[in-house]
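K.L.:
Please take these sequences and the hints and turn them into a complete structure.
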Amino acid sequence: MLNREVVELLNEQINKELYSAYLYLDMADYYVDQSLNGFENWFYVQAQEERDHAMLFRQYLLNNDEKVTLSTIQAPAQQYDVYEAPLVAALKHEQMVTASINNIYAVAYKDKDFRTMQFLDWFVKEQGEEEKNTTDLIKKYELFGSDPKGLYMLNQELAARIYAPPSLVI
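Numbering of the sequence shown is given in this note's numbering, commencing with residue 1384 and proceeding in unit increments.
Careful: at least some of the hints might be erroneous.
[Said to hold, decoys possible] Cross-link-like lysine-lysine pairs, in silico, DSSO-like; alpha carbons within 30 Å at most:
1. Lys1399 - Lys1532
2. Lys1495 - Lys1450
3. Lys1532 - Lys1475
[As the list claims (entries may be wrong)] Cβ pair distances, simulated, as ranges:
4. Glu1525 - Glu1395: 25 to 35 Å
5. Gly1533 - Arg1387: 45 to 55 Å
6. Asp1448 - Tyr1535: 51 to 61 Å
7. Lys1523 - Asp1448: 41 to 51 Å
I should point out that these hints are in silico values taken from the structure, not numbers from a laboratory.
All C-beta atoms in this analysis are idealised placements derived from N, C-alpha and C, irrespective of residue type, glycine included.
P.N.:
Shown next, in the form of structure tokens:
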């Protein structure tokens, strides 16, 4: 059996991941309105990843004979006035998700819950990649975004991104 606090935090993480999917869909919609379909694609792929992360947390709880408790997912409330704003908001959000996963890990570590720690190892690595990818996108935007041709080329690059489901075995 898992520690009650770990179970509670894992259930909360499911909702955080589903909220992340909502948030990234909202950002994708912003870019559709701006006719930047490559940026839309990048955030749509992000939304798919976050949805699958929630499903991984769900499955982990079920595999450990724990009850999954879903709660209301809050609607995103951000408004964006410049192309870079969703990028910066996404990085801030990923940093919040990283802190949340690190907190679950710390509680599992304190309880010597090695199974949960091993499960979370993949997410710790994934969050490092998420923060780097978002930071890299912000840097590219800062370099090329103010030039219409550069923005066009960056948009084309982002349009080529495809979704690859996680290969984590739980």
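K.L.:
Hints first: check each against the structure and report whether it holds.
P.N.:
Here is what the structure says about each hint:
no. : hint                          : in the structure
1   : Lys1399 - Lys1532             : violated, 37 Å
2   : Lys1495 - Lys1450             : holds, 21 Å
3   : Lys1532 - Lys1475             : holds, 28 Å
4   : Glu1525 - Glu1395: 25 to 35 Å : holds, 34 Å
5   : Gly1533 - Arg1387: 45 to 55 Å : holds, 52 Å
6   : Asp1448 - Tyr1535: 51 to 61 Å : holds, 52 Å
7   : Lys1523 - Asp1448: 41 to 51 Å : holds, 45 Å
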